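Please arrange chain B on chain A, whose structure you already have, making use of the hints.
2 protein chains.
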Amino acid sequence: MNQHSFPLDAIFKPEAIAVIGASDNPGKLGSHVMRSLTEGKYPGRIFPVNPGKGEILGIKTYPSLLHIPDGVDLSIIVLPAEQVPKTIRECNEKGVKGIVLITAGFKEIEDRRGESLQKEITELANRFGIKIIGPNTFGIVNLHLPLNASFTPEFSKVQKGGIGFVSQSGGMSHLFGFLSMKNQVGLSKIVGLGNRCNVDFWDMIEYLHQDRDTKVIAMYLEGLDQPRRLIEAAKRENSGKPVVAYKVGRSSTGDKASQFHTGSLAGKHEIYEAAFKQAGILTVNSSEELLDTAKGLALFCFPEGNRVAVLSGQAGPAMAACDVCEAGGLSISPFSSETQKRVDALIPPLAIRTNPVDMGPAWYNSEAIRGIVESVLEDRGMDAVLLCIMFASANRSAVGTLANSLLQIERKKPILCCISAPEGIWDEDIRRLERAGIPNYPTPERAAQTLVNLVRYKKLKR
Amino acid sequence: MNQHSFPLDAIFKPEAIAVIGASDNPGKLGSHVMRSLTEGKYPGRIFPVNPGKGEILGIKTYPSLLHIPDGVDLSIIVLPAEQVPKTIRECNEKGVKGIVLITAGFKEIEDRRGESLQKEITELANRFGIKIIGPNTFGIVNLHLPLNASFTPEFSKVQKGGIGFVSQSGGMSHLFGFLSMKNQVGLSKIVGLGNRCNVDFWDMIEYLHQDRDTKVIAMYLEGLDQPRRLIEAAKRENSGKPVVAYKVGRSSTGDKASQFHTGSLAGKHEIYEAAFKQAGILTVNSSEELLDTAKGLALFCFPEGNRVAVLSGQAGPAMAACDVCEAGGLSISPFSSETQKRVDALIPPLAIRTNPVDMGPAWYNSEAIRGIVESVLEDRGMDAVLLCIMFASANRSAVGTLANSLLQIERKKPILCCISAPEGIWDEDIRRLERAGIPNYPTPERAAQTLVNLVRYKKLKR
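If you read the sequences in order, they're chains A and B.
1 is the number of the first residue of the first sequence in this note's numbering; add one for each residue after it.
1 is the number of the first residue of the second sequence in this note's numbering; add one for each residue after it.
The set of hints was computed from the structure by calculation and includes no laboratory data.
Remember, it's a predicted structure, so these values are computed and weren't measured experimentally.
There could be a bad hint or two in this list.
The list treats identical chains as one, so a pair stands whether inside a single copy or across any two.
[What the hints assert, rightly or not] For lysine-lysine, the following DSSO-like pairs were computed, each having C-alpha atoms within a straight-line distance of at most 30 Å: (1) Lys60 to Lys241; (2) Lys182 to Lys157; (3) Lys277 to Lys341; (4) Lys160 to Lys182; (5) Lys458 to Lys182.
Next comes chain A alone, as it looks inside the complex (with noise of 0.2 Å):
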């Protein structure tokens, strides 16, 4: 078995995985699991277990899990919960250093058992040294290995990338995996911590930290029984990884429902804000900013100040743009009176020049478009650029042609961009940006807000 240099590498980079409660039966989430493994392309050994079954999905499938020949790094369990001690004890036996307890029926359920029975296998796991993700989860997903230790085989789907997102809520890693293929953000790791019996929010700071794959943290919360160990571990990493947070049960109803969910109380909104921002993560308010903000701090470009140019293919994005950015404490401040002077000449006075510009009157002129975007990159004035082009027909061949040309300019600033068309149209050309480290995002309000909170982070990290 693979020497480990970090305990969580028995979870997230296993060589052999055992899945008790394995099942070819399509009503059992035993049988989404081995979907999961299979289809996701996991490359190292799976073994299944049952006792009723010789193979399933044409693997060969043992009776328990002592009886398999080989080493185990990692068992995901789907077993009912009365039965996980005992599988715990066997773990120990084997080995085995990592579980995925798939399990519910623990500290989540009114009955005062599920609470009892979290307790033991905590403290069994804690005297053998076994790391648990769950119990109560829907798994783990690493999409470098790759590997797909959850219940949901689409998963495998996501793109890869730098962001590891971290979760109290299966239903929200579920939200957050979609959006991501629906917006081709790439992730890292998908981890739904569910009950949080050994594994907590603090222990995958830690790890996601060292983790190569991984280049920004976005986390999704509830409630934390121990809110301090989180803000200490954040405190402690100096990777310089951003770490951005979406907290919800501010209302409420949302805080009794958290403690019913995970067993733990929502608490106060407030105290959580200030203990965030003086661990220097970010917060965000809805699960689509968290997602944008992410793939924005991905970049690792931030702006040296909250000064902005605005620069827009049409002057009603450019306003909303500008409204959101005011809202959010950054400048739309005038060029430079050399800076100006080059977009006059570069443009007719058909339309806005000054900061927002309303590059209208040049979408015909790819050379002026470069121009425009040159002079204000190197305006020292001026801390990022947003650009928004709505496709019109006829400047199809505008996101092209801009495309090349920033793509060749150096650029130490960051760009934002809301270009916006039909699909198929502009699609490739955006990926190519993305590529680049130019981020793109489908409304100006939304794109405006990242660099909002962009400028946040480089304030808080101050």
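Same frame as chain A, but now just chain B:
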């Protein structure tokens, strides 16, 4: 020629159109307009006008408007600005009653001649009784005729539906069109008012109030010269059609940009907010919220009060929805004791069963889910239902079954959904629900905000 009941019918329901400045050169807007008409399958007669061409796109072309042998209802003009006054005189001579004036270079440019030219054409049009959309517009689209009288042929791909969109910005019209394509929301009209020479927001409000194809009026505004007229028009019309407005220019730079863009100062945001409220116009804060809310208003099924039941397949999304609901003044109030008894009898005590309900344990039991939804809809203490279900492989059949149930139940309360899955899994079920008046949103937060806005609208109208 058709006897029009409303002057604007000449523009939105013409039987014959002249394209003055038609072209087959893809570098000219006149060629895009020709493609919009032909590719958009306009069913009436098209007369291209261009003195240098015998035919364009295989359609006989005339040297001037006056050479056209038949009557013309609408002229789409794509000539240089200085030729426009003469062309309007010819339109009058020909009996044309509507003009879409795409040409820019009027009030919006720095050069004073632009303003005087706009004054001249406005006086001519008013004297002749000709209605002009524009100048400085991309055009108009009537998806029900169909008529795409714009320079963007791709607008023809927007789905036909009940939302009439009126905009001061071409860029925002394109964005709104693309967002509606991506979200599969149907529009009735897309109207770019441009510099509003003699057709302004109030004219469009009057026109769309009597338009049978339009159920909801959605507006994007920057600044108005006579806001009072808009308010008066909105108050006067009693068709019961909801009007929702997204007004930008609240930032100081936005205000300045507005003046440049369409010649009107954006003006103090608070004044607009108060005036809109008085006129029964619902306000929103982003382009996506405008689309989401218009889609919700198109249901014509408004909550009687602010009490919402949140039913979710997973707890996390429910909590995110609750936060938005409570922040927007909605109440996640307890069910009646009878409803609670029915819910308790339907799902085991493995997750939260009070409002918000985590229906997770009922995933495999479609009768239970149907029972829960029915009980809650019958609860007199509940005014609306928010339904969240994230796909998770094991619950693949849940939405199909739920849709079958919901379509059978008599519904008198709005049901808004966030049902989310990777592409291709639940698309058809979601479409079935939407066709039956149960709209779906991409995130729990956006579904919740739409419900907040429906309650705000209902209050506004009281």
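Hints that the structure is at odds with (numbers, increasing): 1 and 3
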